[in-house]
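Undergrad: Spelled out, the chains give:
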Amino acid sequence: GIQVEQSPPDLILQEGANSTLRCNFSDSVNNLQWFHQNPWGQLINLFYIPSGTKQNGRLSATTVATERYSLLYISSSQTTDSGVYFCAPYMRFGAGTRLTVKP
Amino acid sequence: NAGVTQTPKFQVLKTGQSMTLQCAQDMNHNSMYWYRQDPGMGLRLIYYSASEGTTDKGEVPNGYNVSRLNKREFSLRLESAAPSQTSVYFCASRTSFGTDTQYFGPGTRLTVL
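Here the protein sequences line up with chains V and Z, keeping their order.
Residue numbers for the first sequence follow our numbering, so the first one is 1 and each next one is one higher.
Residue numbers for the second sequence follow our numbering, so the first one is 1 and each next one is one higher.
Just so you know, the hints here were simulated from the structure itself, not pulled from any lab data.
Hints may contain errors.
Stated by the list, open to error - Chain V stretches covered by chain Z per the calculated footprint, using a threshold of three residues with CB under 8 Å from any CB of chain Z:
#1 12-20
#2 67-80
#3 85-92
Stated by the list, open to error - A short, non-exhaustive set of chain V residues, derived as facing chain Z with CB atoms under 10 Å:
#4 Gly-1
#5 Val-4
#6 Ser-7
#7 Asn-45
#8 Phe-47
#9 Tyr-48
#10 Gly-52
#11 Val-64
Bear in mind that the values here come from a model prediction, so they are computed numbers and not experimental data.
All C-beta atoms, glycine included, are put in the ideal place defined by N, C-alpha and C.
Just chain V, with the same shape it has in the complex:
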């Protein structure tokens, strides 16, 4: 099956900083989502982005399907952004990036 690699595994930021999370996947996909799992375990949809670029407030995502990677950008981070970020190409989840935003 498809292999998914997310980097970095852990990220600590000061509030207000920007960050880029990366997701590499081994096969071509026409289906990719980014999720945020908050500290209470709830999974929140961020983007459905099989290709191209989308933006939603301080977050944006870009998927280059032909090169088999996706990026999630978080700008002006807030403490509420803390949690684990997962990419999921075609129902296969990566191990996630654990983000901690310090006040």
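Assemble chain Z onto chain V, guided by the hints.
TA: Here is chain Z on its own, set in the frame of chain V:
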């Protein structure tokens, strides 16, 4: 709309006991999914139902069975629970298989002693 609901929220079983996890969605979605999440890991797909009347194995189906009861409901059954099945179980749904956004329920935390 309640979205995707799961029952129970928590459950403790003894090895060998059986139980059924319930999932329902009120978004008129065709596809439904069951995942498990072990500590510190991403989610792994157990079974899915691309449409009412069909079910298929995912990445880790051993020890589980599923039933797509109707368009709204998709249940997961553990016939003989094992400690290795201690996990958090998430149900999800989406409009159609392989397309669009997947929506998740709040999860069921299962401990097998």
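Undergrad: If a hint holds in the structure, say so; if it doesn't, say that too.
TA: Each hint tested on the structure:
1. 12-20: n = 0 at 8 Å, threshold three: violated.
2. 67-80: violated (count 0)
3. 85-92: holds (count 5)
4. Gly-1: holds (7 Å)
5. Val-4: holds (8 Å)
6. Ser-7: violated (14 Å)
7. Asn-45: holds (5 Å)
8. Phe-47: holds (9 Å)
9. Tyr-48: Holds - the Cβ of Tyr-48(V) comes within 10 Å of chain Z, reaching about 4 Å at its closest.
10. Gly-52: Because about 15 Å separates Gly-52(V) from the closest Cβ in chain Z, which is outside the 10 Å limit, the hint is violated.
11. Val-64: violated (20 Å)
In this structure, the earlier hints numbered 1, 2, 6, 10, 11 are contradicted, and the remaining ones agree with it.
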